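From first to last, the protein sequence lines are chains A and E.
In terms of this note's numbering, the first sequence has 104 at position 104, counting the first letter as 1, and numbering is strictly consecutive.
In terms of this note's numbering, the second sequence has 18 at position 18, counting the first letter as 1, and numbering is strictly consecutive.
There may be inaccurate statements among the hints.
Covered stretches of chain E, going by a simulated chain A footprint (3 or more residues, C-beta under 8 Å) [as the list claims (entries may be wrong)]:
1. 1-12
2. 115-121
If you want a taste of the chain E side facing chain A, the calculated C-beta under 7 Å gives, among others [what the hints assert, rightly or not]:
3. I50
4. H58
5. P62
6. T66
7. G68
8. L74
9. F82
10. A83
Think of the hints as simulated: they come from the structure by calculation, not from any bench.
Given the structure is predicted, the values throughout are model-derived calculations rather than measurements.
Built from N, CA and C at the ideal position, the CB exists for glycine as well.
2 protein chains.
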Amino acid sequence: MRYLHTMVRVSDVEASLRFYCDLLGLEEIRRRDSERGRFTLIFLAAPGQIDSQLELTHNWDPEAYTGGRNFGHLAYAVDDIFAVCERLRDGGVVIHRPPRDGRMAFVRSPDGISVELLQDGEALAPREPWTSMPSTGTW
Amino acid sequence: MRYLHTMVRVSDVEASLRFYCDLLGLEEIRRRDSERGRFTLIFLAAPGQIDSQLELTHNWDPEAYTGGRNFGHLAYAVDDIFAVCERLRDGGVVIHRPPRDGRMAFVRSPDGISVELLQDGEALAPREPWTSMPSTGTW
Chain A
1 MRYLHTMVRV SDVEASLRFY CDLLGLEEIR RRDSERGRFT LIFLAAPGQI
51 DSQLELTHNW DPEAYTGGRN FGHLAYAVDD IFAVCERLRD GGVVIHRPPR
101 DGRMAFVRSP DGISVELLQD GEALAPREPW TSMPSTGTW
Chain E
1 MRYLHTMVRV SDVEASLRFY CDLLGLEEIR RRDSERGRFT LIFLAAPGQI
51 DSQLELTHNW DPEAYTGGRN FGHLAYAVDD IFAVCERLRD GGVVIHRPPR
101 DGRMAFVRSP DGISVELLQD GEALAPREPW TSMPSTGTW
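With these hints in hand, go ahead and build the complete structure from the sequences.
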């Protein structure tokens, strides 16, 4: 067996692509519109990692999405956790769990999907503004 | 950046390992118990696909988990969708969306996480008992 993807539902395609691609760094692999089913599927992946995808399902008929506790989060390793968190914060994303330790951070997608960011390899040396930034909300 | 894992919370480790490993076919990669945090983390992966993991988080203090609509499902390709569904059904798992088309099925974990199974490559020739098995519940 092979892992293919994790699917999350998105209420706003534009806002979701801004979060997952422009700010987080995933790339769009393929897209499918179904007139009959009134949905759009968008498959994303980290650069060069096409076998592990994130599927965004957008139902054309509006629906507000909430989360449940059985799903936890999506986790990605990043090359520079401070740079990614700065880009996300500059883009208006709340850093719920700032990378105070230079190692781990948590943010949420526009539809409340929790995303864990982990520094690839060794933790970075802690530095401001992250060191003194409090956690906020839940993640 | 690299995809690391999708995390789901599990209320019963034994029941979850039976579902994800014994019946579905994932393998345990590593495990970590935290006395201080009162939790156990178990990392699973499809055989030979160690870079795309499923993290099971078990909090020692009992909690009942429900789902939300923002998370959709986990998807895995399988070599023989009929064989996997038969194993799951024999193990007491409800096949919510039977593989009538020889291509796609949906089941749920003990904590309600939806899992999509997709036949790897070409769909298998439809056959009973799957062809006439109705869908049940939601997935």
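Verification of the supplied hints:
Residues of the stretch 1-12 of chain E with a Cβ under 8 Å from some Cβ of chain A number 9, which satisfies the need for three, so the listed coverage holds. With 3 residues having a beta carbon nearer than 8 Å to a beta carbon of chain A, the stretch 115-121 of chain E meets the requirement of three or more and the stated coverage holds. Nearest Cβ of chain A to the Cβ of I50 of chain E: about 10 Å, over the 7 Å cut. The hint is violated. Hint status for H58 of chain E relative to chain A: violated, with the closest Cβ pair at about 11 Å, above 7 Å.
The interface hint given for P62 of chain E is violated, since its Cβ lies 12 Å from the closest Cβ of chain A, which is over the 7 Å cut-off. Below 7 Å, beta-carbon pairs count as interface contacts, and T66 of chain E has one with chain A at about 5 Å; its hint therefore holds. Hint status for G68 of chain E relative to chain A: holds, with the closest Cβ pair at about 3 Å, below 7 Å. The criterion of a C-beta within 7 Å of any C-beta in chain A is met by L74 of chain E, whose closest approach is roughly 6 Å, and the hint holds.
For F82 of chain E, the shortest C-beta to C-beta distance to chain A is roughly 14 Å, which exceeds 7 Å, and the interface hint is violated. Hint on A83 of chain E is violated. Least Cβ distance to chain A is approximately 11 Å, over the 7 Å limit.
Comparing the model with each earlier hint shows violations of hints 3, 4, 5, 9, 10; every other hint is respected.
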